[in-house]
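*Asks:* For reference, the chains in residue letters:
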Amino acid sequence: MPRWGMAADLDRCNGCGACVVACHAENNISTVGPDQAAMGRAKHWLRVERYWEGDFPDVRLKFRPVMCQHCDNAPCEPVCPTYASHHTEDGLNAQVYNRCIGTRYCANACPYNVRFFDFFNPSWDKPLHLQLNPDVSLREVGVMEKCTFCVQRIRAAQTQVKAEGRGLRDGEIQPACVQSCAPRALAFGDLEDPESEVSRLSRSPRGSKLLEDVGTQPKVAYLARLSDV
Amino acid sequence: MDRRAFIKLTAVTGTSAALASCGNPENQIIRFLPAEDIVPGVAVWKPSVCPLCRAGCGLTVRVMDAEADVVRDGQPGIVRISAAKKLEGAPEHPLNRGGLCARGQAAIQVTYHPDRITQPLKRVGERGGGRYEAISWDEAISEVVLRLNALETSGSQRSLAFFARSGASHREALLRQFLARFGAPAPITYELFGDLVLRRANGLSFGREQLPTVDLANARHVLSFGADFLGTWNSPVAQSVGYGQMRRGRPGVRGSFVQVESRMSQTGANADEWVPARPGTEGVLALGFAHVIMAEKLLPASNAGSAGRLIGGWNEGLADYAPQRVEEITGVSVARIGRLARQFAQSRPAVAIVGGPPLAHSNGLFTALAVNALNTLAGNMGQPGGISFTPQLDVSAAVKADGPAGAAAPTLAQLAGDGTASGSTPQVLFVDGANPVFTTPPAWGVREAVEKVPYIVSFGSFLDETSVLADLILPDHSFLESWAEALPESGANVSVASVAPAVMRPLYDTRAMPDVLLDIGRRLQRPLNFPWQTFDEMLAASFGALRPATADVDAWTDAQGKGMWSGTLPAALTRQSETTPGAPGLTYAFEAPRFDGDAEQYPFHFLPYPSSTFLDGSLAHLPWLQEMPDPLTSAMWSSWIEINPATAERLAIGEGDVVEVASTQGTIRSAAVITPGIAPDIVAMPMGQGHRFFTRYASGRGANPMEVVAAVTEPTTGALAWAATRVRISRVGPPDGRLILFAGGIRENVGQGR
Chain H
1 MPRWGMAADL
11 DRCNGCGACV
21 VACHAENNIS
31 TVGPDQAAMG
41 RAKHWLRVER
51 YWEGDFPDVR
61 LKFRPVMCQH
71 CDNAPCEPVC
81 PTYASHHTED
91 GLNAQVYNRC
101 IGTRYCANAC
111 PYNVRFFDFF
121 NPSWDKPLHL
131 QLNPDVSLRE
141 VGVMEKCTFC
151 VQRIRAAQTQ
161 VKAEGRGLRD
171 GEIQPACVQS
181 CAPRALAFGD
191 LEDPESEVSR
201 LSRSPRGSKL
211 LEDVGTQPKV
221 AYLARLSDV
Chain S
1001 MDRRAFIKLT
1011 AVTGTSAALA
1021 SCGNPENQII
1031 RFLPAEDIVP
1041 GVAVWKPSVC
1051 PLCRAGCGLT
1061 VRVMDAEADV
1071 VRDGQPGIVR
1081 ISAAKKLEGA
1091 PEHPLNRGGL
1101 CARGQAAIQV
1111 TYHPDRITQP
1121 LKRVGERGGG
1131 RYEAISWDEA
1141 ISEVVLRLNA
1151 LETSGSQRSL
1161 AFFARSGASH
1171 REALLRQFLA
1181 RFGAPAPITY
1191 ELFGDLVLRR
1201 ANGLSFGREQ
1211 LPTVDLANAR
1221 HVLSFGADFL
1231 GTWNSPVAQS
1241 VGYGQMRRGR
1251 PGVRGSFVQV
1261 ESRMSQTGAN
1271 ADEWVPARPG
1281 TEGVLALGFA
1291 HVIMAEKLLP
1301 ASNAGSAGRL
1311 IGGWNEGLAD
1321 YAPQRVEEIT
1331 GVSVARIGRL
1341 ARQFAQSRPA
1351 VAIVGGPPLA
1361 HSNGLFTALA
1371 VNALNTLAGN
1381 MGQPGGISFT
1391 PQLDVSAAVK
1401 ADGPAGAAAP
1411 TLAQLAGDGT
1421 ASGSTPQVLF
1431 VDGANPVFTT
1441 PPAWGVREAV
1451 EKVPYIVSFG
1461 SFLDETSVLA
1471 DLILPDHSFL
1481 ESWAEALPES
1491 GANVSVASVA
1501 PAVMRPLYDT
1511 RAMPDVLLDI
1521 GRRLQRPLNF
1531 PWQTFDEMLA
1541 ASFGALRPAT
1551 ADVDAWTDAQ
1561 GKGMWSGTLP
1571 AALTRQSETT
1581 PGAPGLTYAF
1591 EAPRFDGDAE
1601 QYPFHFLPYP
1611 SSTFLDGSLA
1621 HLPWLQEMPD
1631 PLTSAMWSSW
1641 IEINPATAER
1651 LAIGEGDVVE
1661 VASTQGTIRS
1671 AAVITPGIAP
1681 DIVAMPMGQG
1691 HRFFTRYASG
1701 RGANPMEVVA
1711 AVTEPTTGAL
1721 AWAATRVRIS
1731 RVGPPDGRLI
1741 LFAGGIRENV
1751 GQGR
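Which chain is which? The protein sequence lines are H and S, in order.
Under this note's numbering, residues 1 to 229 are what the first sequence spells out, in order.
Under this note's numbering, residues 1001 to 1754 are what the second sequence spells out, in order.
Read the hints as simulated data drawn from the structure, not as lab findings.
Some hints could be false.
[As the list claims (entries may be wrong)] Only pairs whose alpha carbons sit at most 27 Å apart, straight line, appear in this in silico DSSO-like list of lysine-lysine: (1) Lys209(H) / Lys62(H); (2) Lys1046(S) / Lys1562(S); (3) Lys1122(S) / Lys126(H); (4) Lys1122(S) / Lys1452(S); (5) Lys1046(S) / Lys162(H); (6) Lys126(H) / Lys1046(S); (7) Lys1400(S) / Lys1562(S).
Use the sequences and the hints to build the structure in full.
*Replies:* What follows is the structure, encoded as structure tokens:
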């Protein structure tokens, strides 16, 4: 059984935000518009965080793409009264939308602020709806949504290789963010396979996990910008 | 019974059963038979070309079935169509190699935009009022032909003007042919952030009036003067691919990167060392580095060749640019100049890049020439890890066009200035993919000049500040519905010609602009006699002249399948760069940049910069980009003014406060963003917002910084020096709720919303 994980090399990431829009395009994330965004209701399963350090002229800025960390010890899971937020066998922190009753306990529990509540039914001014990805379900009002590691792409690839009677190649599955990334800052793959790119990167001496000390056991490794080590 | 007949039968019986059984309108939807064979749920991938900037990245488009609302024979219903679902970077494309930027990801929303113009329109009511009525293509084209015939009859063919998007393509070549054959001047291709100055400098330094291709992947050290090469400048995706390689693609080697600029750009944020220099003095800093390198004999001065000879005092070791004087001018310390110069000279290969704000001053040409000289001093021209120039296909040579050469285009400033430069105000104006009313300073009077033109035709898909003045709109297909193509100017060390057929059928009653031009050309009283009936014939002729990739398939077929042709161009088909030679023996020296507004009254430099999401504002209509948090501020759906914390404190300006920016040209108001990444005497504002007319998502949102920009130009090119305006700022009120940030605070803040 694979265990999916990601690595983000912050020495390659340049903060362009291609991954942010790629995620919207792939996962049918509706835009909420300025009024709702002003109330903090914009949904970005993946965001690029900025950390400013110092004062002009000795100022530095670091970028860090943050998505669901798919924790092995995920705080969002035990608090869910309906098991909508649960762990899959292959280590994904999954959300079953039609089990979700919108308590938002999971969002409160998540230290990464990567869960987004649907305050209203999504809408697309026609014909923007023609772009919707039929492989990803729409989320209705009262439901929590979040990064899935593009589970639809994982399952499609697994079905495909099964039909072809072969194993998955490392790098064959690319979530939308990984695929869009021009400097190849993001890598995705099986952490159980010690030779996979994501495993190799996760073992890097530059690597660390986000808020690791709270005990969440995240599956996204961040490789520091060298000049920061 | 075949499959089609079976479906037809079930569709009919199903519909009538539903009609009979219930009154719910949902169940009365008419399902039309699709016009194409589609397997539901199965994706196919087709090549295309990103149209949003000049870079010309290759796409692969995921196409699947979708249900579109249509009207057939007056009957509304839905039909299953093949629809583009997702754009990805083409993995084999020599430029973007599978990557695609945020803007490119959002390009699909151009096709599905709810405010697209769906059919030819004719103005009713006042010009600029935005009221139009539907008109048939036949009537519309007849009207244009009538106008052009009238010009021909009165012998005033020269009073046809054309605002076009810039960048080489077959479309552009066809347009030039059209104008030349008709007898009109070449198209006016104004671009706000257009790199005119750098091209001119490259022409003088290297004999190539072209943007450079930077081999970042093989560089050990990158020294960039203001170029936002990972965000908005030149070929950002190709450069980002190279950047990743430069940092982490070579075992044991990590390239270093220094950025010189006075407002931290998205690119500058990634630098190992960030060096603010006073605006308009970046060229002096470059020569300060060269001075140290030559004085310490780190590299031979003779390396620089002709690029060096353009700089006054080069052969004397640049005595005028000794570190002490450079420190006085630029504000960068002597010790730092020495250290950075040594780093540049000793990391081999090292490359210098210049672009963006440093060239947007009255002395921009000198700055570019100075950096060019520094590059040649490093000996990196045409070398791995250095600068090269991508050979570009010469379309006229490839299609063996034998039409007359067209007259040169007036510049936009000339056209608008007093209408005298080109003889008179144009009588007919065509507009395609350009919005100069929005992107020019008010002092140029472009809006007023356009309003004076008696007849304006737009090929635009949207109403914007320029096309809303049109009398007739002939809407183009979207790039996914027609031939998409580009001839990239830079980004690869081999020649690339991107081309791809339509990905999907047109959604509306639109027509491809090149085909409309050919049609007009045929119907004129003096037909223009193009050798091609359709645009794809022209493309076939052009690609047919190229060398096939393999023995068993010709270049044209191969290119359509892959979405591009790439390889070595024979000399006869290579575009010869139009170079404006400098006067022999002329050398360039630093002159203090000229600013509009005196420093007493207007104490701040004003820096309008290309938005990471909207570029010059042409992409503000795409909702994904409106809602994408800005990389440096996390602002969405907003306009803002970046202010240094010390300045803000002095002027009692708080985050989000409404601030007024005043120049000699006018005033605008926007929200303050307080950020340490900007010098205390500079305020910056992204371009993009402040549209009066630009779809439901962008209209009436924020402020347009161009409204305070003065008409200072770089004198040799006439390019707008968009960073040469001085302003004063003042707080006018508390936050008005229009600055929307994604970051900070607890996310749900209903009480603090507006």
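*Asks:* Hint by hint, note whether the structure agrees.
*Replies:* Going through the hints against the structure:
1. Lys209(H) / Lys62(H): With a Cα-Cα distance of about 16 Å, the restraint between lysine 209(H) and lysine 62(H) holds, given a limit of 27 Å.
2. Lys1046(S) / Lys1562(S): Holds - the C-alpha atoms of lysine 1562(S) and lysine 1046(S) are around 9 Å apart, at most 27 Å.
3. Lys1122(S) / Lys126(H): holds (24 Å)
4. Lys1122(S) / Lys1452(S): holds (18 Å)
5. Lys1046(S) / Lys162(H): Status holds; Cα separation ~25 Å.
6. Lys126(H) / Lys1046(S): holds (24 Å)
7. Lys1400(S) / Lys1562(S): holds (25 Å)
The structure shown violates none of the earlier numbered hints.
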